[in-house]
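Student: Spelled out, the chains give:
There are 2 protein chains.
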Amino acid sequence: MEATGRSRAGLVIVYTGEGAGKTTAALGVLFRAWGRDMRVGALQFIKHSMANNGEHRAARRIGVELKPMGDGFTWRSRDIEVTKGLALQLWEVCKEKIRSGNYDILILDEFTYPLHYGWIAVEEALEVLRSRPKELHVIITGRYAPQDLIDFADLVTEMREIKHPYRKGIKAQPGINF
Amino acid sequence: MEATGRSRAGLVIVYTGEGAGKTTAALGVLFRAWGRDMRVGALQFIKHSMANNGEHRAARRIGVELKPMGDGFTWRSRDIEVTKGLALQLWEVCKEKIRSGNYDILILDEFTYPLHYGWIAVEEALEVLRSRPKELHVIITGRYAPQDLIDFADLVTEMREIKHPYRKGIKAQPGINF
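Keeping their order, the protein sequence lines are chains F and Z. Quick note: the first sequence uses the numbering used here, first residue 1, plus one each step. Quick note: the second sequence uses the numbering used here, first residue 1, plus one each step.
Keep in mind the hints are simulated off the structure, nothing from the lab. A few of these clues could be false.
No copy labels: a pair is met if it fits in one copy or bridges any two.
[Said to hold, decoys possible] Taking lysine to any residue and the SDA-like style, the derived pairs with C-alpha atoms no more than 20 Å apart in a straight line are:
#1 Lys168 / Phe152
#2 Lys163 / Phe178
#3 Lys163 / Gln147
#4 Lys163 / Glu18
#5 Lys163 / Arg143
#6 Lys67 / Glu92
#7 Lys134 / Lys171
#8 Lys168 / Ala51
#9 Lys163 / Leu129
#10 Lys168 / Asp148
#11 Lys97 / Asp148
In isolation and in its complexed conformation, chain F is listed as follows (with noise of 0.2 Å):
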């Protein structure tokens, strides 16, 4: 079961898009992950850090850490240097786990925010990701994904929206949504 040589790669996976499904895959991920030992952490750059959603009850009880570390910036965040200040905050946590090779799989939730809204310059990121250990795969969830971060990944897929029931006006829904 065990890759070898040039497919044992560490790869930059970029799950982007205006549609569903980006921070669930990245939990797909963590989940199948878990499931091979793998030493696999998330960080969550927008996600509130009072969250308690499903992902953040069930990444408690197996012992994996998923960690929200925004103030559930949406686009209506009253104090932007606070939401900024706290992605600036996470992006050292980040740099650090990184570096650390404590980890086979980090998951950056949202990091493609920071990066548009240009608080941390992609040429940084993207020099951050060129050293990392060689083995580690990181994965990145978020619209707007930079162009040069598209360029730099091994893997991007566009999330694209067909058709989404708040459209219609439905709500999230728990266990579907969070």
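Go by the hints and put chain Z onto chain F.
Tutor: Below, chain Z alone, put in the same frame as chain F:
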């Protein structure tokens, strides 16, 4: 946290398209729903019944049903009649489970293929979905989702391949792809 009225609708969700992340997103829902103690199960149409991937190991550990029931058909089936027979057999199981009232969420992984190949009539599948318990969410994954299914579904995301490492000759990675 409980949703009420209209918002407490069972959704039909389709993850389709050529890109990576369809089954993975369904696994993310499974994980999230388990965290909420919801009754979730997954039936896999193509995945070989002997498969023991990361997700199968993880599901076994947490006691969630994730049943691969196919013969690993990947457009290279030795005997298409066997593959088709397995799909029809699994469809009978699906119908029973859908009607049972024993689930909050059912995942029919790669169910689009038997539809696409005409082994199961789309109209029959829609009839089963239409008459399901009204709060049951059903998630269907796979390429080539038939248009009638897309029209019927509440949420449809197309996973669009922007970039895939297979094209660079990098093999599927444990924990990431399986």
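Student: All the hints need checking, so say for each whether the structure fits it.
Tutor: To see whether the hints hold, each was checked on the structure:
no., hint, result
1, Lys168 / Phe152, "between (37 Å within a copy, 13 Å between copies)"
2, Lys163 / Phe178, "within (18 Å within a copy, 28 Å between copies)"
3, Lys163 / Gln147, "between (25 Å within a copy, 12 Å between copies)"
4, Lys163 / Glu18, "both (11 Å within a copy, 17 Å between copies)"
5, Lys163 / Arg143, "both (17 Å within a copy, 16 Å between copies)"
6, Lys67 / Glu92, "within (14 Å within a copy, 41 Å between copies)"
7, Lys134 / Lys171, "between (42 Å within a copy, 16 Å between copies)"
8, Lys168 / Ala51, "neither (26 Å within a copy, 39 Å between copies)"
9, Lys163 / Leu129, "between (34 Å within a copy, 18 Å between copies)"
10, Lys168 / Asp148, "between (35 Å within a copy, 18 Å between copies)"
11, Lys97 / Asp148, "neither (22 Å within a copy, 46 Å between copies)"
In the structure shown, a violation is registered for the earlier hints numbered 8, 11, in ascending order.
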